[in-house]
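Engineer: Quick note: the sequence shown uses this note's numbering, first residue 19, plus one each step.
Hints were generated in silico from the structure; no laboratory data involved. Glycine included, C-beta positions come from ideal geometry on N, C-alpha and C. Hints should not be assumed to be uniformly reliable.
Claimed, not checked - In silico DSBU-like cross-links for lysine-lysine, where the CA-CA straight-line distance does not exceed 35 Å: (1) LYS407 with LYS445; (2) LYS316 with LYS445; (3) LYS407 with LYS475; (4) LYS122 with LYS181; (5) LYS316 with LYS482; (6) LYS463 with LYS445; (7) LYS407 with LYS316; (8) LYS316 with LYS181; (9) LYS463 with LYS316; (10) LYS303 with LYS122; (11) LYS475 with LYS445; (12) LYS225 with LYS181; (13) LYS475 with LYS463.
Unchecked claim - Here are the in silico distance ranges between beta carbons for each label pair: (14) THR227 with PRO200: 20 to 26 Å; (15) GLU180 with SER294: 30 to 36 Å; (16) ARG205 with SER98: 28 to 34 Å; (17) SER76 with SER40: 31 to 37 Å; (18) ALA197 with THR341: 23 to 29 Å; (19) THR233 with GLU95: 47 to 53 Å; (20) GLY374 with THR341: 41 to 47 Å; (21) THR293 with LEU22: 46 to 52 Å; (22) PRO252 with SER76: 43 to 49 Å; (23) PRO150 with THR216: 24 to 30 Å; (24) ALA197 with THR293: 35 to 41 Å; (25) ILE92 with ASN230: 46 to 52 Å.
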Amino acid sequence: LTSLEIPNSVTSIGDDAFRYCSGLTSVEIPNSVTSIGGSAFFDCSSLTSVEIPNSVTSIGVHAFSSCDDLESIIVDEENSVYDSREGCNAVIETSSNTLVAGCKSTIIPNSVTSIDSFAFYSCDGLTSVVIPNSVTSIEWGAFMGCYSLTSVEISNSVTKIEKTAFSDCSSLTSIAVAADNPIYDSRNNCNAIIETRTNTLIVGCSKTTIPNSVTSIGDYAFYDCSGLTSVEIPNSVTSIGESAFDCCSSLTSVVIPNSVTSIGDYAFASCSGLTSITSYISANKLFEINYVFGGFDKTNCTLYVPYGAQETYAATAGWDVFTNIVEIHVPYFDLTVSNAGYATLYLGGNYEIPEGVEVYTAQEINGDRLMMALVEDDVLPANTGVLIKASAGTYTFNYTDTEVPAIADNLFSGSAFAEYIDVPSNKTAFVLSSVDGNVGMYLAKLTDGQFLNNANKAYLLLSKDKLGISEDEVDTSIGGMQLSLRFDFNGSTGIDGVQTETSAQGAIYDLYGRKLQSAPTKGLYIINGKKVLVK
Numbered sequence: 019l020t021s022l023e024i025p026n027s028v029t030s031i032g033d034d035a036f037r038y039c040s041g042l043t044s045v046e047i048p049n050s051v052t053s054i055g056g057s058a059f060f061d062c063s064s065l066t067s068v069e070i071p072n073s074v075t076s077i078g079v080h081a082f083s084s085c086d087d088l089e090s091i092i093v094d095e096e097n098s099v100y101d102s103r104e105g106c107n108a109v110i111e112t113s114s115n116t117l118v119a120g121c122k123s124t125i126i127p128n129s130v131t132s133i134d135s136f137a138f139y140s141c142d143g144l145t146s147v148v149i150p151n152s153v154t155s156i157e158w159g160a161f162m163g164c165y166s167l168t169s170v171e172i173s174n175s176v177t178k179i180e181k182t183a184f185s186d187c188s189s190l191t192s193i194a195v196a197a198d199n200p201i202y203d204s205r206n207n208c209n210a211i212i213e214t215r216t217n218t219l220i221v222g223c224s225k226t227t228i229p230n231s232v233t234s235i236g237d238y239a240f241y242d243c244s245g246l247t248s249v250e251i252p253n254s255v256t257s258i259g260e261s262a263f264d265c266c267s268s269l270t271s272v273v274i275p276n277s278v279t280s281i282g283d284y285a286f287a288s289c290s291g292l293t294s295i296t297s298y299i300s301a302n303k304l305f306e307i308n309y310v311f312g313g314f315d316k317t318n319c320t321l322y323v324p325y326g327a328q329e330t331y332a333a334t335a336g337w338d339v340f341t342n343i344v345e346i347h348v349p350y351f352d353l354t355v356s357n358a359g360y361a362t363l364y365l366g367g368n369y370e371i372p373e374g375v376e377v378y379t380a381q382e383i384n385g386d387r388l389m390m391a392l393v394e395d396d397v398l399p400a401n402t403g404v405l406i407k408a409s410a411g412t413y414t415f416n417y418t419d420t421e422v423p424a425i426a427d428n429l430f431s432g433s434a435f436a437e438y439i440d441v442p443s444n445k446t447a448f449v450l451s452s453v454d455g456n457v458g459m460y461l462a463k464l465t466d467g468q469f470l471n472n473a474n475k476a477y478l479l480l481s482k483d484k485l486g487i488s489e490d491e492v493d494t495s496i497g498g499m500q501l502s503l504r505f506d507f508n509g510s511t512g513i514d515g516v517q518t519e520t521s522a523q524g525a526i527y528d529l530y531g532r533k534l535q536s537a538p539t540k541g542l543y544i545i546n547g548k549k550v551l552v553k
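Sequences are here, hints too, so could you generate the full structure?
Structural biologist: Shown next, in the form of structure tokens:
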């Protein structure tokens, strides 16, 4: 069928009446027709022009969708419901100023206030869109499936953009929002539409760079964006919406930061090209998900997870669909030091010690003092609990493959993930605290013989015999803060004054902070925190 003349006896063109008539080039609609049904001329890809008589008072959704060659739409001037004002090549509902059907040659008039759902659906000939200052709303799927669309400009008047408005626009590379738009922005030239108040990215494209200020990726933000090949989500993002990257068939790799606390259903569904997913969500923060990674073969995709978290991922609903789960080290760790100037740290890999930071292990107990030893290497060894001494601020520890030996005789323990630590009855636990401005290791408050150690924190678990106390002397009645150990850094740096001794008692260190296992020979040593000359 290439041409059609509808007889005057017809009053209605039903839904899907000429759907997929790809050879139809022209159609004459008589004055007897009052309604054109939904998808009536859907995918009539050769249809070039349509004239709508004054009798038509109803046009269904998708009536002229996916008509790739359509470039002329004319509504009779006497029509009381619709018009084609200013030769715009579109159907506009006169009373509401809503554009309900457009084509590749449409120029949106300045008087239009709304672009209706699916108005340009699958209009493959459309290459660019400039939304005029009169438009306030762009409805659901308005430009969905416009495969040749490369650029979109949103005016300052637009205050409402519905989900999927620009989904499945595989050629879209440029998105710009007017700088004075009060609701949306395209900050940092990110090629995306961001809801300013909530910092939610609602529309993205293949060239989008997600800004660090974005906290949420909205539902359907990148839906069916087949040109997208990789995405790195910044640490600022806490939530990824429903179907956010659904059907991104060219997407090969995804990086999910530890900041993410929720992922909506089908967020990465039907991403058939995915071969690599890197999740930095730590084991203690991991949450169950539903159908997030459905619709593609997981045997060809590797899930990379933080070191020590493989078992947790494999046992958590939604993540357990992957057969290849590989542990990796987190590339960096940001440590915040408070005004007190101290923090504890425990990392599961080897990390470079940043400038401005002193790192200490705990080597011995001397009364109520904890004798500290400076870590003089540039790298903090894996699984080593330490005390950090630095000015207030945030310091970045970068992961390194550099091999360094473990540190012996360190009293600190720790955990890379938040966990409850069991404290045997013959031992006492200490955590870093500040009481009345005094910083030290204070008695941990126990609940049912346990305390919660936060992720990447160090603690002390010491024998009561080593402390020289009895069980009766451990009083936790006021929050576990009565028993404390003060830091003594002289064990690694030495103190002023030299004493002459003929014999030495107690813990003995050389001037490099190394503990001696046998009686010292002649020379200078650190004994019980004092510099001693042994003859």
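Engineer: State for each hint whether it applies.
Structural biologist: Now the hints, each set against the structure:
no.: 1; hint: LYS407 with LYS445; in the structure: 27 Å, holds
no.: 2; hint: LYS316 with LYS445; in the structure: 47 Å, violated
no.: 3; hint: LYS407 with LYS475; in the structure: 14 Å, holds
no.: 4; hint: LYS122 with LYS181; in the structure: 22 Å, holds
no.: 5; hint: LYS316 with LYS482; in the structure: 52 Å, violated
no.: 6; hint: LYS463 with LYS445; in the structure: 13 Å, holds
no.: 7; hint: LYS407 with LYS316; in the structure: 45 Å, violated
no.: 8; hint: LYS316 with LYS181; in the structure: 28 Å, holds
no.: 9; hint: LYS463 with LYS316; in the structure: 45 Å, violated
no.: 10; hint: LYS303 with LYS122; in the structure: 49 Å, violated
no.: 11; hint: LYS475 with LYS445; in the structure: 19 Å, holds
no.: 12; hint: LYS225 with LYS181; in the structure: 19 Å, holds
no.: 13; hint: LYS475 with LYS463; in the structure: 16 Å, holds
no.: 14; hint: THR227 with PRO200: 20 to 26 Å; in the structure: 23 Å, holds
no.: 15; hint: GLU180 with SER294: 30 to 36 Å; in the structure: 32 Å, holds
no.: 16; hint: ARG205 with SER98: 28 to 34 Å; in the structure: 45 Å, violated
no.: 17; hint: SER76 with SER40: 31 to 37 Å; in the structure: 26 Å, violated
no.: 18; hint: ALA197 with THR341: 23 to 29 Å; in the structure: 48 Å, violated
no.: 19; hint: THR233 with GLU95: 47 to 53 Å; in the structure: 50 Å, holds
no.: 20; hint: GLY374 with THR341: 41 to 47 Å; in the structure: 44 Å, holds
no.: 21; hint: THR293 with LEU22: 46 to 52 Å; in the structure: 49 Å, holds
no.: 22; hint: PRO252 with SER76: 43 to 49 Å; in the structure: 47 Å, holds
no.: 23; hint: PRO150 with THR216: 24 to 30 Å; in the structure: 26 Å, holds
no.: 24; hint: ALA197 with THR293: 35 to 41 Å; in the structure: 39 Å, holds
no.: 25; hint: ILE92 with ASN230: 46 to 52 Å; in the structure: 49 Å, holds
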